[in-house]
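For chain A, the structure is supplied; the task is to place chain B with the ligands on it using the hints.
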Amino acid sequence: MNSRHSHLPVAMLLMLAWRNIWRHWRRTLITLSSIAIGFALSVLMIGIGDGAHNSLIRNAIKLGEGHITVQPRGYLEAPANHKYLADGKALLAKLDALEVPGSVEPRIALQVLASTANNSVGAGLEGLSPRGDRRVDMLKPHLVDGAWIEPGDLRGIVIGAGMAGKLKAKVGGKVVLMAGKQGGDSQAQLARVRGIFDSKVDELDDYLILGDIALARRFLEGEGADPTLEPVTRFAVFLDDPDDMAAWKARLKAALESDRVAVLDWQEMMPQLVQFIMVDDAGNYIFLVLILIMVVFGILNTVLMSVLERTREFGLLRALGLARRQLLALVFCESLVLSLLAVTIGWIMGGGTHLWFSTHGIDIASLMGGGSTAMMGSFMDPVIRTELSWDRVVQLTLIIFGATLGSGIYPAIKAARVTPVQALRT
Amino acid sequence: MALLSLHGIGKRYRQGEVEVSALQGIDLEIEEGEFVALVGPSGSGKTTLLNIVGGLDAPSEGRTELNGTDITTLKEARLSDFRLFQLGFIFQAYNLVPVLSALENVELVMVMQGRPAEDRRRRAQHYLDLVGLDKVMHRRPSALSGGQQQRVAVARALAAGPRLVLADEPTANLDSENATALLDIMHRLARKQKTTFIFSTHDQRVMERAERIVTLRDGKIVDDRRVEARHHEHAD
Ligand SMILES: Nc1ncnc2c1ncn2[C@@H]1O[C@H](COP(=O)(O)OP(=O)(O)OP(=O)(O)O)[C@@H](O)[C@H]1O
Ligand SMILES: [Mg+2]
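Protein chains in written order, with full-length UniProt numbering: chain A, 1 to 426; chain B, 1 to 236.
Chain A extracted, bound-state conformation (with noise of 0.2 Å):
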């Protein structure tokens, strides 16, 4: 009684605020497990979203030019077979002086037309590095006809199998290539298909030719480069650790960056899968804030209604001489015991489910009928894992946190404004 004031410890409120949200033990549970379930599924339905897009992700880079690339600058905007790097060797020396941990891939693309005697069609020639290249490791698995280019075959070329059905052309079989020279000339080189890979990404069976990086040298000799100098029109740099991949292309900015090399991430080589995931994830997010919704109905009604029925209890509380914010901290409090409860039982039935599907995963190939998983010119591994990264966990946590909060406020108010006359007169 050393101040005149009234007291509501922390621990009475809580006590209360417990007490009170038990006393409809139905009703409350209900809630929760609508709440828990809900966040089960946001979970889950984030976290295969996040496996889909990271294995999409993950092969469109082993597809693709790797983490970091290295190549002429402007080739980005407008790629062209006369823009390469001249001396490749001393890009290749500086690379490796680095010692960057994971892989430096030189590759020569091109573009070129493909003709048989039966067809002509535009295509991509890939050359590769005799060393060994991931994309080789990717499509390998692939070739459905034929064998792969043998280290030293200089004429051997792969090809997919949307081409080899255009140009007609079968293992064994002669193609032209023929590539555009700066000012107008053309020259061309004689190619045999030794192989064939069938990947159901139509932008790589329909375009691409692999052959050896020297077979694709020559149409730079042809330009004009030294081919003593190693020429190439890019470097792929695969990263052991991909979450070390600003750090590394700081680093390789730093050292390469010319008025004629450019340092790219895969995000700047492929701003259209980027953006695909983008809008994937606002599917994701519609489908969160529809939880969200369900959430925010679901404490709001339970408190509400537990607000309703006790109005003359709140009522005589306020007659009794407790304070109008005590009664508001006290109303609240029971959201937020509600909440820390959704949030808790939530994380654990979605945690689990997350983990059961992180490592036996989902079989989203026969999800999608058996076909293809193929978008944005990767592929997604037929078996999704479901990937939460703390950031998510945070993020998810914060989110159903705040909603839940956020809906205990109404309550909290309306059972604030009670007056004890009009509650003990009812």
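The hints are simulated quantities; they were obtained by calculation from the structure and are not laboratory data.
Careful, some of the hints might be misleading.
Ranges between beta-carbon positions, derived for each pair [as the list claims (entries may be wrong)]:
1. A/Glu309 x B/Arg78: 43 to 53 Å
2. A/Trp18 x B/Val18: 21 to 31 Å
3. A/Arg325 x B/His202: 33 to 43 Å
4. B/Glu228 x A/Arg325: 46 to 56 Å
5. A/Glu309 x B/Ala58: 20 to 30 Å
6. A/Ile37 x B/Val18: 33 to 43 Å
7. B/Ala58 x A/Thr344: 38 to 48 Å
8. B/Glu228 x A/Arg26: 34 to 44 Å
9. A/Leu405 x B/Ala77: 19 to 29 Å
Quick look at which bits of chain A chain B covers, simulated, 3 or more residues with Cβ under 8 Å [claimed, not checked]:
10. 17-23
11. 309-316
Away from chain B, derived, C-beta distances all over 10 Å, residues of chain A [unchecked claim]:
12. Leu8
13. Leu44
14. Arg135
15. His142
16. Asp202
17. Leu239
Virtual Cβ for every residue (Gly too), placed ideally from N, Cα, C.
Then chain B with the ligands, alone, in the frame of chain A:
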């Protein structure tokens, strides 16, 4: 100086276009330690008057002085604290917080007063003992009879050490045996604590236990007299 003095209290309610006058020109003084019954027919203004005295409702005119404080001038928050420390309330029903045991209900007001835990526990047990509920003090209200619940309310009101206890028809929901028993307990404690009581009632047998009877009719005091209280000191 009187503990409570009302000066020209009036209360009007608007009901649509018409104004209902619930109280008119009420002047009343109540001394420390009085045990007063407020009687009158239904609608005569008993509840309205008790609510004004208790600072739950504001009069349309007039002043209420309690223990030297003009409560009509107090702001809502100060009034709330004033009720907590100076007043005890016993209502007709729904007196108790359902999720708290009898003991916790009695302690609640003392918690709000900021009394130390040990002190309030001791006081709560003492008063529950005095109203004869020491055996059931750990029960929740739903496990208590109506009479027991009202006795918990009496214990709660008194344990907090108020200057004035206001009871609006505390016995209305009780049978006459329980009603007179409750009144006897109230009276006994009032005497012991020198606590002032004002209670309203319809019940003739309850009225008989008062030391002073103030009669209201149509919002006016029509009779005010001291009487010889008739009490049977029950053992419980
Ligand atoms: N909120 C209100 N709005 C309008 N009129 C009201 C309101 N409260 C009370 N009244 C009126 O004021 C008058 C006095 O009511 P009050 O409740 O004080 O009577 P009472 O003596 O307590 O009656 P009872 O014995 O039935 O409890 C009545 O005519 C009643 O209708
Ligand atoms: Mg009344």
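Distance restraint hint 33 to 43 Å, applied to the beta-carbon atoms of A/Arg325 and B/His202: 38 Å, holds
Supplied distance hint 38 to 48 Å, evaluated on CB atoms of B/Ala58 and A/Thr344: 46 Å, holds
Status of the stated non-contact between A/Leu239 and chain B (beta carbon gap over 10 Å): 59 Å, holds
Distal placement of A/His142 relative to chain B, Cβ over 10 Å: 67 Å, holds
Interface-negative label, A/Arg135 against chain B, beta-carbon threshold 10 Å: Its Cβ never comes within 10 Å of chain B, the nearest being 68 Å, so this holds.
A/Leu44 non-interfacial with respect to chain B [C-beta, more than 10 Å]: 36 Å, holds
10 Å cut-off, C-beta based - A/Leu8 kept clear of every residue in chain B: The assertion about A/Leu8 is violated, with a minimum of 6 Å to chain B.
Range hint compliance [Cβ, A/Leu405 to B/Ala77, 19 to 29 Å]: 25 Å, holds
Proximity test - 8 Å, beta-carbon atoms, the region 309-316 of chain A to chain B, at least three hits: holds (count 3)
A/Glu309 paired with B/Ala58, Cβ distance criterion 20 to 30 Å: For A/Glu309 and B/Ala58 the Cβ distance comes to about 28 Å; the hint holds.
A/Glu309 versus B/Arg78 beta-carbon gap, inside 43 to 53 Å or not: 30 Å, violated
Outcome for the supplied range 33 to 43 Å, where the beta carbon pair is A/Ile37 and B/Val18: At 55 Å between Cβs, range violated.
Hint compliance for this structure: hints 1, 2, 6, 8 and 12 are broken, all remaining hints hold.
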